[in-house]
Amino acid sequence: MSTLHLIPLLPFIVAIFIPFLYKRFRSVHTGWFLLPVPLIIFLFMLQYLPFSGDPFQEVMYTFEWVPSLDIAYTVYVDGLSLLFALLISGIGILVVLYSIYYIANKKDEPLNNFYVYLMMFMGAMLGVVLSDNLIVLYVFWELTSLSSALLIGYWFHKEKSRYGAQKSMLITVTGGFAMLAGFTLLYLMTGTFSIRGIIEVADQIAANPYFLPAMLLILAGAFTKSAQFPFHIWLPDAMEAPTPVSAYLHSATMVKAGIYLVARLTPLFGGQQEWFWIVTGFGLFTLLWGSVSAVRQKDLKGILAFSTVSQLGLIMSLLGMGSAAFHYGLDGGQSLYTVAVLAAVFHLFNHATFKGSLFMVVEIIDHETGTRDIRKLGGLMAIMPVTFTISVIGIASMAGLPPFNGFLSKELFFEGALNAATVDAFSGQALMMIFPVIAWIASVFTFVYSAMMLFKTFTGEHKPDQLPKHAHEAPIGMLISPAVLASMVIFFGLFPNLLAYTIIEPAMQAILPGLTAPGEQFYINIYHWHGINAELLMTLGVVFIGAAIFLNIQKLERTAFYAGERDLFNWFYDNGLKGLISGAQKVDGIQMTGKLRHYFMYMFTFLILVLGYALITTGSITIDFSQTAAISPYLFLIVAATTLATVAIPFVSKRIPAIVLLGVVGFLVALLFVVLRAPDLALTQLLVETVMVVLLLLVFYHLPELKKESFKPAFKLTNLVISIGVGTVVTLVALSAHAFSTANPVSPISDYFVENAYALAGGQNIVNVILVDFRGLDTLLEVLVLGIVGLAVVVLIKYKASGGDGV
Amino acid sequence: MMNNPIQLHVITRIVAFIILAFSVFLFFAGHNNPGGGFIGGLMTASALVLLYLSFDLKTIKRVIPFNYERIIAAGLLIAIVTGIVGMFFGFPYLTQFFEYYNVPILGEIELTSALPFDLGIYLVVVGFTLLTILTIAEDDS
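Line order of the protein sequences matches chains A and B. Last residue of the first sequence: number 861 in my numbering, and the count goes up by one each step with no gaps. Last residue of the second sequence: number 199 in my numbering, and the count goes up by one each step with no gaps.
Same shape as in the complex, but just chain B:
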């Protein structure tokens, strides 16, 4: 193996952020174009996996000190709570709301309650993928 994979490092530094940016785009594009929480989450996870692969676990853990178990829990909570909010106004669980707004510069944008729900999905997918991969990777017994 290479002792100093400089090319990989350099490329990863650039590519990882392109993938991350693209994943954010995919996440927001989801409602009207291909994408969404699940795909965006997988994309983010693969970017992070790439980082872990090209650098070592310790370095990346220092840079991204996430607790993926908590990310899963947070995602689940967000998804569940989004569904509950509508219940306070007498709607069934998980009723979705959406509205169009005109914002200067951005033009017409759509705000939906599916977005926070999708964010929950996104977080669970990211958390699950990395938790599984890292747990197996760290297991050296």
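In isolation and in its complexed conformation, chain A is listed as follows:
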């Protein structure tokens, strides 16, 4: 195990100690203890950056986990995973710092929960981007879904938080399951779970019938996670989470896990026509849908949520366009497509910086004024100058204006879209012509909602009477994190090539392996001014048309389009969920009658039918008494007594005699074990019977008098048939099994235990050795069940009086 293995585990390990830290040092904000965690990870990951201009050194360490299933905890660092790891840890530092000032250290605020979930998420996300094994990746992937849902539901007393948490959980986990199925198909085709191993044999499996289903299933996982249309509906509702969480999970890192997966698997699926169309198509549509929806929002956080949806679509579509490079191979038109990948990687980084800062700024506004409604806000420029400055930078970058980094990546995006339209990669060039059109329209709307955010909040008339709080500038601690992010927006806007050599080129190398000549690497140069070309004209068009729309915003606000806020597609989710619940209740209502005798009827009928069917169709009913051992007279006596006692039970009309008769049966069975020389079983049976008597006596106190019930003869007859049927079938199975073993002498498995119990496990009592050694895991899980049942008994009995609320 290397140090790198510990990086994703570190936050989990620290999370164990959070509750203790929280309790022990109550006066110190728990966040301070956790600040070093992302810092250490960030500094550790920095060492992999190729500062000196050398080619990127890929690192891989393997730690075997379940070798028989090809599951290994393999960590792998290439440009792509390094980019993500740095984003996760770097923004993690800022988010933890911000949260210290954002969530007050109050009595009723479960800070320890918050930080446990946050650390869990950080570790899981690092695990997703660093692991090479698909199963390990899946486990971490689901952990991010889980921690995300827990964080959205952090203020669980709010109805909307619970709704958002459930929604995000259902959608992302459903996608995750689909993805797991896709991974399994990949394993079936290649025989390995290692991503690098699969990519190596990519060209051999492209013709496999499982190839397309695997692609679609994996994309389902990536699209649900990255909030692509029509799965995007969970993201706006996830905004109920505390804002550091929205900034961290729901804009900068977790929602990009889907993008990571698409980028990671581009070497495998890239070059396929289906991959190109699906990823690009869904991405572009999401881009458009998100930016149009964002204009309708009145809540600042709502605007940012839909803006995130739209920007995720943008990055996704770029990856889709870039994948066409594989279609061309090493020479040909591939450079036209690699631009798209460059834009994707660059925008991924830029989006994390400007969107992260904007989320934090929005929360500052909410914190200081008490509202995020743009209809109530206004004129905050003079009151909150620092917040205003940071916002201008973030929003200008989001709208794609120079000299910020958003401008650069948006220009590259236009270039990629234009290239895709001019080159005939796959059949359907006419369709590709609309790529730049959609890109342009979406950018206009992006400009409009950016302008709305900025001007409605900071300019115009200040309306103090509509604000719940008296507005003033935020404390310095809350301003540090967004200010750091905003300065990165400027810095990398001015010097984008600092990123180019260190991180973008290695990341492109990871997404597009084999597309540079051996020994060469991608060489990119990002610059602001590239002459008067189509991209620049498109940007100018965006600015002018966008400004024109914004100036006529009053007209837009009167339309029905602006009145609604909720996404239309929520209808499908809400009604689907309702239908699922009522459908499940209907199905349950038919079979779950609450009567034990009905359940027994179902079970035994099923048993008779299945066993009987199998016995008859396989023709295995044989009875052979020739090899049976001599039966001692005791046995006849015991069996006769047991039968008598059993038959008598239904005819007893009082409870006490019935219990006594049951006890008789139990003790007789124990006696049977004694006669058959099974002391362990006999002892256990005796003890269980003894304890049961006490238990029955206790329960007896609560039971009503046994009622004289009268049943229809048909009902009685059915029960009689079923009970006789069970007896017959079980007896037949036992006899046939015996006859089979006499006819085909097979050595019973007990021989193995008899021979090896002492040699392998050092015990002479085989029963005990099997329990604690050979089948130790069974025993462990059985006592686990015992423990759970014990707790269930306590919960059922002790909390039943409180009407279900206490549970």
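These are calculated hints, taken from the structure and not from any lab test. It is possible that some hints are incorrect.
Quick list of the computed label-pair ranges, beta carbon to beta carbon [what the hints assert, rightly or not]:
no., chain 1, residue 1, chain 2, residue 2, range
1, A, K77, B, Y151, 25 to 35 Å
2, A, V82, B, P63, 30 to 40 Å
3, A, L100, B, V143, 50 to 60 Å
4, B, Y159, A, T672, 30 to 40 Å
Derived coverage of chain A by chain B (criterion: at least 3 residues anywhere in the stretch with Cβ under 8 Å from a Cβ of chain B; other residues may be distant) [to be verified]:
no., stretch
5, 738 to 746
6, 808 to 818
7, 828 to 835
8, 840 to 853
We treat Cβ as the ideally placed atom computed from N, Cα and C, and that holds for glycine.
Chain B: place on chain A using the hints.
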């Protein structure tokens, strides 16, 4: 009912400890003779149940102030952790180890890692049985 079940008290005082002693014997005998954690646990539980039956709940609770939920948890932890220890030395989960030692007076004895595992089983069984019985017994609604 008897108001002063003196015979029961006297007999229980003696018998309960014989059963307890026997249960300890059964627990340790388990690996080579009939017995083990499960049986030993049931035996201990029945001894304790006998105590609860002949005296009243309050008295015994004062004498044996166990929290049976915690006993279950402790048992599970012991059983799980025993299995993990071997993993640190590169063995699969739940690998069992045993060794024979010669101790003065006692002669040759065997130490196995199955013993702590069995102890976990023992504790869970005791905890579960008493937790269930006592919870139902205390429920008077």
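Now the hints, each set against the structure:
1. One distance hint, 25 to 35 Å for the beta-carbon pair K77/A and Y151/B, holds here, with the actual separation near 32 Å.
2. For V82/A and P63/B, the hinted distance range of 30 to 40 Å is not satisfied, since their beta carbons lie about 59 Å from each other.
3. Distance hint check for L100/A and V143/B: the Cβ-Cβ separation is about 37 Å, which falls outside the suggested range of 50 to 60 Å.
4. Against the hinted window of 30 to 40 Å, the Cβ-Cβ separation of Y159/B and T672/A comes to about 54 Å, which falls outside the hint.
5. Coverage of the stretch 738 to 746 of chain A by chain B holds [criterion: at least 3 residues with CB-CB distance below 8 Å; count 5].
6. Judged by the Cβ-Cβ criterion of 8 Å, the stretch 808 to 818 of chain A is covered by chain B as claimed, because 4 of its residues qualify and three suffice.
7. Only residues whose C-beta sits within less than 8 Å of a C-beta in chain B count toward coverage, and the stretch 828 to 835 of chain A has 4 of them, enough to reach three; the restraint holds.
8. Counting residues of the stretch 840 to 853 of chain A whose beta-carbon sits less than 8 Å from any beta-carbon of chain B gives 9, enough to reach three: the coverage restraint holds.
Figure legend: structure checked against the earlier numbered hints; hints not met, in rising order: 2, 3, 4.
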